[in-house]
Amino acid sequence: MRHSRRSLFLGLVSGLAMLAALPAAAQQFITVASTTSTENSGLFGHILPIFQAETGIEVRVIAQGTGQALETGRRGDADVVFVHARAQEEKFVAEGWGVQRFDVMYNDFVIVGPAEDPAGLKAAASAADAMAKIAASGASFASRGDDSGTHTAEKNLWKAAGIEPAGAWYLSTGSGMGATLNTAAQVPAYALTDRGTWLSFQNRGGLEVVFEGDAVLFNPYGIMLVNPAKHPSVKAAEGQAFIDWITSDAGRAAIASFKVGGEQLFFPSAN
Amino acid sequence: MQNLHVCKLYSFLFFFQRVLRRFRLDNPFLTALGLIASGDAALMQIIALSLRVTLTAVLIACAVGLPLGAALALGRFPGRGAVIVVFNALMGLPPVVAGLVVYLMLSRSGPLGPLGLLFTPTAMILAQTILILPIVVSLTRSVVEDLWSEYAEQLRSLGAGRVRAVPTLLWDGRVSLLTGVLAGFGRASAEVGAVLIVGGNIAGHTRTMTTAITLETSRGNLGLAVALGIILLGLTLTLNALAWGAGQWARRRLG
Amino acid sequence: MTAPAPILPLALEGVGFEVAGRALLSDLSLRIEAGRRLVVMGANGAGKTLLMRLCHGLIAPSSGRLRWADGSRRPEAQAMVLQRPVLLRRSVAENLDYPLALRGMAAPDRRAAVARALSRFGLGALGDRPARLLSGGEQQRVALARAALMAPQILFLDEPSAALDPSATRQIEEMIAGFSAEGITIVMTTHDLGQARRLAEDVVFLHRGRLVEHGSAADFFAGPQTPEARAFLAGDLFW
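These protein sequence lines are chains A, B and C, in that order. Convert by adding 7 to the 1-based position in the first sequence; the result is the number in my numbering. Convert by adding 119 to the 1-based position in the second sequence; the result is the number in my numbering. Convert by adding 12 to the 1-based position in the third sequence; the result is the number in my numbering.
Any given hint could be a false lead.
[To be verified] One side of the interface only, derived from the structure: several residues of chain C facing chain B at Cβ under 10 Å: (1) P97; (2) R115; (3) L145.
[Stated by the list, open to error] Here are the simulated SDA-like cross-link-like pairs (lysine to any residue), alpha carbons at most 20 Å apart as the crow flies: (4) K237/A with G232/B; (5) K98/A with P227/A; (6) K266/A with K129/A; (7) K237/A with P213/B; (8) K98/A with A186/A; (9) K242/A with G232/B; (10) K129/A with W165/A; (11) K162/A with Q59/A; (12) K242/A with S268/B; (13) K98/A with K162/A; (14) K266/A with G52/A; (15) K242/A with P233/B; (16) K166/A with A186/A; (17) K242/A with G229/B; (18) K242/A with S228/B; (19) K266/A with A244/A; (20) K237/A with L231/B; (21) K242/A with R108/A; (22) K129/A with R108/A; (23) K237/A with T150/B; (24) K237/A with R293/B; (25) K237/A with L223/B; (26) K237/A with E102/A; (27) K237/A with L154/B; (28) K266/A with F225/A; (29) K237/A with E65/A; (30) K162/A with A186/A.
[Stated by the list, open to error] A few chain A residues that don't get close to chain B, going by computed Cβ distances all over 12 Å: (31) K98; (32) A192; (33) P239.
Because the hints were derived from the structure by calculation, they are not lab data. Source: prediction; values computed, not measured. C-beta: ideal position from N, C-alpha, C; glycine also.
Extracted from the complex, chain A is given alone in its bound form (with noise of 0.2 Å):
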């Protein structure tokens, strides 16, 4: 009886310090913080095993809100900031926190909505025009609510229109791109997408594209180095190489090689 007992206790050690003894991966990486929109629309799995494969380093990222991405990277936890978000990137960048800013890619912002469509935006002239209808018909709108790179343009927008939204109509989801569009497409209601969550998007309820293509809809993605002055353990030099990569001919070719049911989602900034 003791001698079953005692060896099922020297399992139970043993196994436990397998367990937590389980080696890390030996090999190089660098750690991102990106937003939830990028990771979600399927470009880091299309183009970080094309940087793996040529540098032998590995991207770990973090796909976070763009106000938790940045302050990830101001505490020292990412190598690598990732987000698009310029007034933001620019005052990281100002503060100390980043090294420089580079312009990697845009996409774009489209309006989504009830096919129906009770506003009329179908009809708008601009994107400001489309902020006012919504607005005018009391139609319900799914705002992110976090902060976020997306969150913000929807506020330069309604600045825009000159309008201050709040009222039972407007829906301040405070959550991530995915939910908002669920709850988008549950309510029915209008909201503001970046095109590659919406491309990937399956659960679109009633919803689609009701309005695109004016300018200010467009959204540049920035990229930074963590500043290795702040935070020592940052891996410049491997996160450097990430973004040289990135912001090269071969980055620009692998981002524009990324398509979601045949389209382009993500346009290279020239360089």
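Keeping the supplied structure of chain A fixed, place chains B and C upon it in accordance with the hints.
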């Protein structure tokens, strides 16, 4: 009689199919079975990581929590009541709060930053251990306290004081304590807030079942998300069934 | 190996026990001699179990003192079988092993001692059975065997066969007689007058927490001195 049960089963499945189709969830059961059968490498990796994180956390929480709970049950010291209340309350600690605290500690800007543990499975194990520990401590305390009221005089008569009684009571109460351990496992395997914050949901490194479900939901792949949920429930059910069987066997063999 | 120091006779000097101002035992003076069988008798609530627990050291007296012959406060060479003994949720053999392990006996010695006890007390077939699933009589024999394994010089037994049928009672009494024959001092309580007549060499009679009579069994049963004892033996309710 058999036919009646079979009829009921079929009509339930039929009705359930209609419900799923209405919500546009193309039979997640089939999706789940298909995923498992195909031995999808990414899925296997996710399942392995989930089990590794949660089981390790359970083991550590038991190693610390079982003796701690027993000591709390048997010990008499000023403030004992307050400690008991605190542990009881911590059973309801929101996982996202636990994750946030661990994140702030392990962040490079935090006190334990130099360890470089953020966004690793180790951080996830730490966060889940914090979640499981109060459950193990509180339930152990309750079981051992009851056992002590039954055993105290006899153990003292045999020459075992409070300290020596701890391992005796823990072993004698093992079947009831197993319930606490399973409750801890259930809480950890079901939570997403803590592992998401401290792990970062990195593909191939810190993506667990629950964070994968969150990801697929946010992508709108609701059918896949439900399928993953079914797989997760299946794992939990299997583990609980095994534990129940072990408990019944122990009860029969050892009273 | 030197023989352990004798702990008997045990002297109680003016021992009293009170709870919330109520005296449950008062002014007990008693000398328990080695090697004899002492039966403590009295009505329910007279304080028999309390006296046993005091002697065994489970509780401390409120007044008076206990003096063991070797001068220790609570000697190791004594054991007690409680009124409702608690067996661990393990096999019979593991229950017998437990007190030996507590005393730091080496594993092979423990195994040998347990095997000897199992065969001596007719528990051989029950060694691997879960102790809690045994019948009342079998559990009592295990509790008794467990106490005996602690190599006591004195054994306290509180109602050892209270809930048992006659055949189980006989087995218990045989075990007790066997211990006595080895020289172990027996102090026991019982309700069963027949059992008291069979087993007692000395008798202590308690009435409402006071020691009322103390003498040889022969004298006590032939002619008790006090009206309380006489009433008790006659089967009357006297309070």
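20 Å Cα cutoff - pair K98/A, P227/A: Status holds; Cα separation ~16 Å.
Has the given pair, K162/A with A186/A, been kept, meaning a C-alpha gap of at most 20 Å? Between K162/A and A186/A the Cα gap is close to 19 Å, so the pair holds against 20 Å.
Check the hint pairing K98/A with K162/A against an upper bound of 20 Å on the C-alpha distance. This hinted pair holds, its Cα atoms lying about 18 Å apart.
Pairwise hint evaluation, G52/A against K266/A, where the allowed Cα distance is 20 Å at most: 12 Å, holds
Against the 20 Å threshold, does the CA-CA distance of K237/A and R293/B hold or violate the hint? 52 Å, violated
Take a quick look at whether K237/A and G232/B sit within 20 Å of each other, Cα to Cα. With a Cα-Cα distance of about 14 Å, the restraint between K237/A and G232/B holds, given a limit of 20 Å.
Hinted pair, alpha-carbon criterion (20 Å max): K266/A, A244/A. Please report holds or violated. 30 Å, violated
When you look at the beta carbon of A192/A, is every beta carbon of chain B farther off than 12 Å? The assertion about A192/A is violated, with a minimum of 8 Å to chain B.
Could you grab the alpha-carbon distance between K129/A and R108/A and see if it respects the 20 Å cut-off? 36 Å, violated
Mind checking the alpha carbons of K242/A and P233/B for me, to see if they're no more than 20 Å apart? Roughly 14 Å between the alpha carbons, so the hint for K242/A and P233/B holds.
Holds or violated: are the alpha carbons of K237/A and P213/B at most 20 Å from each other? With Cα atoms ~33 Å apart, K237/A and P213/B exceed 20 Å; violated.
Is K266/A close enough to F225/A, meaning Cα to Cα at most 20 Å? Between K266/A and F225/A the Cα gap is close to 18 Å, so the pair holds against 20 Å.
Violated hints, listed in ascending order, are 6, 7, 8, 11, 12, 16, 19, 22, 23, 24, 27, 29, 32 and 33; each of the other numbered hints is respected by the structure.
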